[in-house]
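Working from the sequences, and respecting the hints, build out all of it.
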Amino acid sequence: MVIFKDFSQAEAASKAITDLRQTLSVNPEFKFSKTHPTVKDKFFDELCQYDFEVRALVVDKSNIYSQKLRNDTDSFYNYFVKMLMQYDDDVLQNASIKIDGSGDKEFKKALTAYLRQRIGEHKIKKFKFTDSRKDNLIQLADMVVGAVARSYSDTRKDANRWLEVLKRRYKIKSIWDFK
Numbered sequence: 006m007v008i009f010k011d012f013s014q015a016e017a018a019s020k021a022i023t024d025l026r027q028t029l030s031v032n033p034e035f036k037f038s039k040t041h042p043t044v045k046d047k048f049f050d051e052l053c054q055y056d057f058e059v060r061a062l063v064v065d066k067s068n069i070y071s072q073k074l075r076n077d078t079d080s081f082y083n084y085f086v087k088m089l090m091q092y093d094d095d096v097l098q099n100a101s102i103k104i105d106g107s108g109d110k111e112f113k114k115a116l117t118a119y120l121r122q123r124i125g126e127h128k129i130k131k132f133k134f135t136d137s138r139k140d141n142l143i144q145l146a147d148m149v150v151g152a153v154a155r156s157y158s159d160t161r162k163d164a165n166r167w168l169e170v171l172k173r174r175y176k177i178k179s180i181w182d183f184k
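With the first letter of the sequence shown counted as 1, position 119 gets the number 124 in my numbering; the numbers rise by one all the way through.
Bear in mind the hints are in silico, worked out from the structure with no lab data behind them. Incorrect hints may appear among the rest.
Here are the in silico distance ranges between beta carbons for each label pair [to be verified]:
{"no.": "1", "residue 1": "Lys113", "residue 2": "Arg75", "range": "20 to 26 Å"}
{"no.": "2", "residue 1": "Gln98", "residue 2": "Asp46", "range": "31 to 37 Å"}
{"no.": "3", "residue 1": "Leu29", "residue 2": "Asp79", "range": "31 to 37 Å"}
{"no.": "4", "residue 1": "Phe183", "residue 2": "Gln27", "range": "36 to 42 Å"}
{"no.": "5", "residue 1": "Arg75", "residue 2": "Tyr175", "range": "20 to 26 Å"}
EDC-like cross-link-like pairs, simulated, lysine to aspartate or glutamate; straight-line CA separation at most 16 Å [to be verified]:
{"no.": "6", "residue 1": "Lys20", "residue 2": "Glu51"}
{"no.": "7", "residue 1": "Lys103", "residue 2": "Asp147"}
{"no.": "8", "residue 1": "Lys133", "residue 2": "Glu169"}
{"no.": "9", "residue 1": "Lys131", "residue 2": "Asp147"}
{"no.": "10", "residue 1": "Lys66", "residue 2": "Asp79"}
{"no.": "11", "residue 1": "Lys130", "residue 2": "Asp95"}
{"no.": "12", "residue 1": "Lys66", "residue 2": "Asp182"}
{"no.": "13", "residue 1": "Lys139", "residue 2": "Asp50"}
{"no.": "14", "residue 1": "Lys113", "residue 2": "Asp136"}
{"no.": "15", "residue 1": "Lys172", "residue 2": "Asp159"}
{"no.": "16", "residue 1": "Lys20", "residue 2": "Asp50"}
{"no.": "17", "residue 1": "Lys45", "residue 2": "Asp147"}
{"no.": "18", "residue 1": "Lys184", "residue 2": "Asp109"}
{"no.": "19", "residue 1": "Lys47", "residue 2": "Asp24"}
{"no.": "20", "residue 1": "Lys114", "residue 2": "Asp79"}
{"no.": "21", "residue 1": "Lys178", "residue 2": "Glu58"}
{"no.": "22", "residue 1": "Lys172", "residue 2": "Asp24"}
{"no.": "23", "residue 1": "Lys103", "residue 2": "Glu16"}
{"no.": "24", "residue 1": "Lys45", "residue 2": "Glu169"}
{"no.": "25", "residue 1": "Lys172", "residue 2": "Glu51"}
{"no.": "26", "residue 1": "Lys128", "residue 2": "Asp140"}
{"no.": "27", "residue 1": "Lys133", "residue 2": "Asp109"}
{"no.": "28", "residue 1": "Lys36", "residue 2": "Asp136"}
{"no.": "29", "residue 1": "Lys178", "residue 2": "Asp56"}
{"no.": "30", "residue 1": "Lys172", "residue 2": "Asp50"}
{"no.": "31", "residue 1": "Lys139", "residue 2": "Glu34"}
{"no.": "32", "residue 1": "Lys178", "residue 2": "Asp95"}
{"no.": "33", "residue 1": "Lys128", "residue 2": "Asp163"}
{"no.": "34", "residue 1": "Lys47", "residue 2": "Glu34"}
{"no.": "35", "residue 1": "Lys20", "residue 2": "Glu34"}
{"no.": "36", "residue 1": "Lys133", "residue 2": "Glu111"}
{"no.": "37", "residue 1": "Lys103", "residue 2": "Asp140"}
{"no.": "38", "residue 1": "Lys66", "residue 2": "Asp77"}
{"no.": "39", "residue 1": "Lys128", "residue 2": "Asp95"}
{"no.": "40", "residue 1": "Lys10", "residue 2": "Asp79"}
Here a beta-carbon is modelled for each residue, glycine too, at the ideal position from N, C-alpha and C.
Below you can see the structure in the form of structure tokens.
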């Protein structure tokens, strides 16, 4: 989860992503798994200038004992998004939440209701599901999540490369290893 406490910083970061996409000829979007390492370097160097923080929840699915969570993707997603938002150190107050728009209309409606019920109305002002190709801040979240996920790879020599950039620039508020 990427959190901006100041809306103007979110807007400035979004504009920087648009500018970077043009400068680096990235089309249609920044996506960690499809982005060249040197482009990732430039992306994180540029975006770390903006005031945001990262909270992440890392789940090793082999540690999940609930059959429902193991076998039902929607339940898994709902539960862990709720956990991330519920244990937020009171950062979410009247927040506008953007979530990558995958999933059908019924799933989106169910997730919104589930989170509002479980997290509480005071934390969430509005939910918006959006296509990452059309939303720069979702692209930022994808790149950050990719950096966190890569850091858990035992086989990649660059496993910690981009997470370390985020840490050095004081962007990582917490990474929670769910056990």
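These are the hints, each one checked on the structure:
1. The hint said 20 to 26 Å for the Cβ distance between lysine 113 and arginine 75, and at roughly 23 Å that hint holds.
2. In this structure the supplied range 31 to 37 Å holds for glutamine 98 paired with aspartate 46, their Cβ-Cβ distance being about 34 Å.
3. A hinted range of 31 to 37 Å for the beta carbons of leucine 29 and aspartate 79 is consistent with their spacing of about 35 Å.
4. Take phenylalanine 183 and glutamine 27: their Cβ atoms lie about 38 Å apart, and the range 36 to 42 Å holds.
5. Range check, arginine 75 to tyrosine 175: Cβ separation about 36 Å, and the 20 to 26 Å hint is violated.
6. Straight-line distance between C-alpha atoms of lysine 20 and glutamate 51 comes to about 11 Å, which keeps the hinted pair within the 16 Å bound.
7. Restraint check for lysine 103 and aspartate 147: the C-alpha separation of about 12 Å stays at or below 16 Å, so the hint holds.
8. Our distance criterion of 16 Å between C-alpha atoms is broken by lysine 133 and glutamate 169, whose separation comes to about 30 Å.
9. With a C-alpha separation of about 21 Å, the suggested pairing of lysine 131 with aspartate 147 is violated against the 16 Å cut-off.
10. Between lysine 66 and aspartate 79 the alpha-carbon distance is near 14 Å, which keeps this suggested pair within the 16 Å criterion.
11. Restraint check for lysine 130 and aspartate 95: satisfied, since their Cα atoms lie roughly 14 Å apart, inside the 16 Å limit.
12. Annotation: proposed proximity of lysine 66 to aspartate 182 holds, straight-line Cα distance about 11 Å (limit 16 Å).
13. Distance check on the hinted pair: lysine 139 and aspartate 50 sit about 22 Å apart at the alpha-carbon level, beyond 16 Å; violated.
14. Proposed proximity of lysine 113 and aspartate 136 is supported: the alpha carbons are some 13 Å apart, at most 16 Å.
15. Between lysine 172 and aspartate 159 the CA atoms are separated by roughly 19 Å; this puts the pair beyond 16 Å, and the hint is violated.
16. A distance of roughly 15 Å separates the Cα atoms of lysine 20 and aspartate 50; the hinted pair therefore holds under the 16 Å criterion.
17. Using a Cα cut-off of 16 Å, the hinted pair lysine 45 and aspartate 147 holds, with the two alpha carbons roughly 12 Å apart.
18. With a CA separation close to 30 Å, the supplied pair lysine 184 and aspartate 109 exceeds the 16 Å bound.
19. Distance hint between lysine 47 and aspartate 24 is fulfilled; the C-alpha atoms sit about 12 Å from each other, no more than 16 Å.
20. For the hint pairing lysine 114 with aspartate 79, the CA-to-CA distance comes to about 12 Å; that is within 16 Å, so the pair holds.
21. Distance hint between lysine 178 and glutamate 58 is fulfilled; the C-alpha atoms sit about 6 Å from each other, no more than 16 Å.
22. Between lysine 172 and aspartate 24, the direct Cα distance comes to roughly 24 Å. Violation of the 16 Å bound is thereby established for this hinted pair.
23. Restraint check for lysine 103 and glutamate 16: satisfied, since their Cα atoms lie roughly 14 Å apart, inside the 16 Å limit.
24. Of the supplied pair hints, the one linking lysine 45 and glutamate 169 holds, its CA atoms being roughly 13 Å apart against a limit of 16 Å.
25. A hinted pair counts as satisfied when its Cα atoms are at most 16 Å apart, and lysine 172 with glutamate 51 qualifies at roughly 15 Å.
26. Between the alpha carbons of lysine 128 and aspartate 140 the distance comes to roughly 22 Å, so the proposed pair goes past 16 Å and is violated.
27. Proposed proximity of lysine 133 and aspartate 109 is supported: the alpha carbons are some 14 Å apart, at most 16 Å.
28. Restraint check for lysine 36 and aspartate 136: the C-alpha separation of about 12 Å stays at or below 16 Å, so the hint holds.
29. Proposed proximity of lysine 178 and aspartate 56 is supported: the alpha carbons are some 12 Å apart, at most 16 Å.
30. Between lysine 172 and aspartate 50 the alpha-carbon distance is near 12 Å, which keeps this suggested pair within the 16 Å criterion.
31. Annotation: proposed proximity of lysine 139 to glutamate 34 holds, straight-line Cα distance about 8 Å (limit 16 Å).
32. A threshold of 16 Å between alpha carbons decides the hint, and for lysine 178 with aspartate 95 the separation of about 13 Å falls inside it, so the pair holds.
33. At most 16 Å may separate the alpha-carbon atoms for a hinted pair to count; lysine 128 and aspartate 163 exceed this at roughly 37 Å.
34. Restraint check for lysine 47 and glutamate 34: satisfied, since their Cα atoms lie roughly 15 Å apart, inside the 16 Å limit.
35. With a C-alpha separation of about 13 Å, the suggested pair lysine 20 and glutamate 34 falls inside the 16 Å cut-off, and the hint holds.
36. For the hint linking lysine 133 to glutamate 111, the alpha-carbon distance of about 14 Å falls within 16 Å, and the restraint holds.
37. Of the supplied pair hints, the one linking lysine 103 and aspartate 140 holds, its CA atoms being roughly 9 Å apart against a limit of 16 Å.
38. Of the supplied pair hints, the one linking lysine 66 and aspartate 77 holds, its CA atoms being roughly 12 Å apart against a limit of 16 Å.
39. Restraint check for lysine 128 and aspartate 95: the C-alpha separation of about 8 Å stays at or below 16 Å, so the hint holds.
40. Taking the CA atoms of lysine 10 and aspartate 79, the gap is about 29 Å. The hint is violated against a cut of 16 Å.
The structure is inconsistent with the numbered hints 5, 8, 9, 13, 15, 18, 22, 26, 33 and 40, although it conforms to all the rest.
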